[in-house]
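A.B. asks: Chain by chain, the residues run as shown.
2 protein chains.
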Amino acid sequence: MKTLLAALSTAGLLAGSALADEAQGVQVTRVGTQASAVGSGAYFTGTVRIDAPFAGSGAARIGGASVTFEPAARTAWHTHPLGQTLIVTAGAGRVQHWGGPVQTIRAGDTVWIPPGVKHWHGASPTVAMTHIAIAEAMDGKVVEWMEQVGEAHYTTTPAAE
Amino acid sequence: MKTLLAALSTAGLLAGSALADEAQGVQVTRVGTQASAVGSGAYFTGTVRIDAPFAGSGAARIGGASVTFEPAARTAWHTHPLGQTLIVTAGAGRVQHWGGPVQTIRAGDTVWIPPGVKHWHGASPTVAMTHIAIAEAMDGKVVEWMEQVGEAHYTTTPAAE
Chain A
6 MKTLLAALST
16 AGLLAGSALA
26 DEAQGVQVTR
36 VGTQASAVGS
46 GAYFTGTVRI
56 DAPFAGSGAA
66 RIGGASVTFE
76 PAARTAWHTH
86 PLGQTLIVTA
96 GAGRVQHWGG
106 PVQTIRAGDT
116 VWIPPGVKHW
126 HGASPTVAMT
136 HIAIAEAMDG
146 KVVEWMEQVG
156 EAHYTTTPAA
166 E
Chain B
6 MKTLLAALST
16 AGLLAGSALA
26 DEAQGVQVTR
36 VGTQASAVGS
46 GAYFTGTVRI
56 DAPFAGSGAA
66 RIGGASVTFE
76 PAARTAWHTH
86 PLGQTLIVTA
96 GAGRVQHWGG
106 PVQTIRAGDT
116 VWIPPGVKHW
126 HGASPTVAMT
136 HIAIAEAMDG
146 KVVEWMEQVG
156 EAHYTTTPAA
166 E
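Quick note, the sequences are listed as chains A and B, same order. Quick note: to get the working numbering, add 5 to the position in the first sequence (first position is 1). Quick note: to get the working numbering, add 5 to the position in the second sequence (first position is 1).
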């Protein structure tokens, strides 16, 4: 668990979160026991908060967190070596892969970003969005960060559904 | 994706869910487009509903779903070859590993069950519980099911927190 959280921290995704010790049995992490973290300006545009990080142990590769994007906030372009699942838990936002349409996502939607697909995700320009983000680490690497998403690009009208 | 969902279906976790086609780009699954499924009586005690299943593609091993346990409903004893993450999204429930205390879990808590640890999870006797369950498949296998959790065992007083 510490390895994966350390990788997230190195990637700028986490700062100051509590790292629970591994346990041989069931490990319960209580709500409210891990400090909220701020998404690094190197990898996000706007105000982004990261809560309740989690990660597996042993041979597991899984890790993730709840991520809240204030209106107009978004990730930079990036890829995940083993893909990423997003479960939208509040609000409405946007997601796009390189060369594809901007798509609107809302609470209850799930998103699969396949391995290696360059993409971004974030809030709507006027509405905040929270999602649980889950990814598998490959050789300890969860994400490769690229350039920020500029205003003209971000404000492209989403595709019809 | 179809492989993992098929594995879940074979394991009795899913029935009748829509299987989305894989896509090269971002794949958005809209809330309300996958039918609720019923947890099989072979693997659960009581009334259990499974919603919004998801799974990765390519080299990803990840898959999961939202699972709702009516009061007193619970899984049978089982293990996961690569562990399982539970994110409690509503209500209050219980979790226990073999030989360990019954622990109360509530909305907002996260739970890590390490690979190979025999355990069960479910609702409280009088209160329903919903969690997102996430696990990695090993050689297509997500879970190994064992015996049901009997009443005397299930109603053990939870440990103090």
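It should be emphasised that the hints constitute simulated quantities derived from the structure, not laboratory data. Wrong hints could be hidden among the right ones.
Intra- or inter-copy, both count: the list cannot distinguish identical chains.
Computed cross-link-like contacts, SDA-like style, restricted to lysine to any residue with a CA-CA straight-line distance of at most 25 angstroms [unchecked claim]: (1) K123 with G30; (2) K146 with A157; (3) K146 with T131; (4) K146 with P120; (5) K146 with G96; (6) K123 with R35; (7) K146 with A164.
A.B. asks: The structure should be examined with respect to each hint, and the outcome stated for every one.
C.D. replies: Comparing the hints with the structure gives:
In this homomeric assembly, K123 and G30 come within 25 angstroms of each other (Cα to Cα) only across copies, at 9 angstroms, whereas the closest approach inside a single copy is 37 angstroms. Proximity of K146 and A157 under a CA criterion of 25 angstroms is satisfied in neither setting, with 30 angstroms inside one chain copy and 45 angstroms between copies. When the C-alpha separation of K146 and T131 is checked against a cutoff of 25 angstroms, the pair qualifies neither within a copy, at 33 angstroms, nor between copies, at 43 angstroms. When the C-alpha separation of K146 and P120 is checked against a cutoff of 25 angstroms, the pair qualifies both within a copy, at 12 angstroms, and between copies, at 21 angstroms.
In this homomeric assembly, K146 and G96 never come within 25 angstroms of each other (Cα to Cα): the closest approach is 29 angstroms inside a single copy and 34 angstroms across copies. In this assembly of identical chains, K123 and R35 lie within 25 angstroms of each other by CA distance solely across copies; the values are 21 angstroms between and 34 angstroms within a copy. For a Cα distance limit of 25 angstroms, the shortest separation of K146 from A164 qualifies neither inside one copy, at 32 angstroms, nor across copies, at 37 angstroms.
When each numbered hint is compared with the structure, violations occur for hints 2, 3, 5 and 7.
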